Amino acid sequence: MQKIYINGRFMAEQITGIQRFAYEMCKALISNGVEITILAPKKIRHEYKLNCRIIKFGIIPGIMWEHFDLLFYLWFHKCPLLINFGSPGPLLYKNRVVSIHDISFYVNPKWFSWWYSAYYRSITSIFSKRSKKIITVSEFSKSEIIKKLKTDSSKIIVIHNAVSQTMINTKQNIVFKKDKYILTVGSLDPRKNLNKLVEAYNSSDIRNYVKLYIVGKSSPMFNMKSSHSIEDNALGYVSDEELVSLYKNASAFIYLSYYEGFGIPPLEAMSFGCPVILSDIPVFREIYGESALFVDPDNIMEINKTIDLILSNNELREKIILRGYEKVKEYSWDLSAYKLVKLIDSIK
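Numbering (my numbering), first residue to last: 321 to 668.
Since the hints were made in silico from the structure, they are not lab data. Everything numeric in this text was worked out from a predicted model, so none of it was measured. One or more hints might be untrue.
Distance windows between CB atoms, simulated [said to hold, decoys possible]: (1) 650 to 442: 33 to 39 Å; (2) 333 to 491: 24 to 30 Å; (3) 650 to 629: 24 to 30 Å; (4) 519 to 379: 43 to 49 Å.
Note that the Cβ used here is the ideal one computed from N, Cα and C, for glycine as well.
Let's have the full structure, built from the sequences with the hints guiding it.
Below, the structure written as structure tokens:
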């Protein structure tokens, strides 16, 4: 098998959805005996702990590190195959595999800041054509890429997300929220539909005996101004240990996104025995099937009725929890790493 070089720009960023995918894929490759070399900026975050060769270099921060520092490194080292789990890598580089988790910036540019939307709309079709293969995380995202980017289906492979084994193995239970609460996890992003969730919560009697906690942080890439109601319920960014505790002790997990490529938080919630309520969108039907309850993400009455149902009906609650445990078993980082190795072996 040819040497595996990985774009390590994700290691300069906090661990959220895409960074989680990159980090867990690297860990799974290493644990299965695959030798990888990560090419990273000089300043990487301390939470990334990977037992592999990491080469740190360059002087340009952020996105431009890929387009210049990383590009020149690759050119001067015989243009090896570059695996990009998060960001796309250098625009002018052809020998690569690129990950496209979703194309939400095509579907609704207004969800994002103008510069983020303009940048990714302009380069995504280019790097999808210039890459050897494309990784995506669901059949739904694959169909979207084929439709929007006019990409040949044979070029795209689906490699799923899974739950971090490190999170599953976390033993300590940091109960820093003693209230009864329902939980949602995700960036403060318009497509996460947090305003509707908060509106539903505030209009119901549920708020009198159950708290709502929102885990996630804002970012300049998203075109969203947090309302006072969201900020009142927001916990911000939390550590993995704190997140595990929140999942374990939540009465229910609710995720009302309008659009996702996969959506890891519901799977994480299921792994800790938390019953899940999801927006009724195609990707969630594909990934989660009958392991969750589904609601119209714009129907406040239906949202409140379903929250009340999962909190009050113990028989239904236990059924959804057990189905969640079974669903989690279908996804594995080891299996995803195996699929990636097979993909790399197929590239000439």
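Item to complete: Please flag the earlier hints that this structure goes against, numbers listed from lowest up.
Response: Violated: none.
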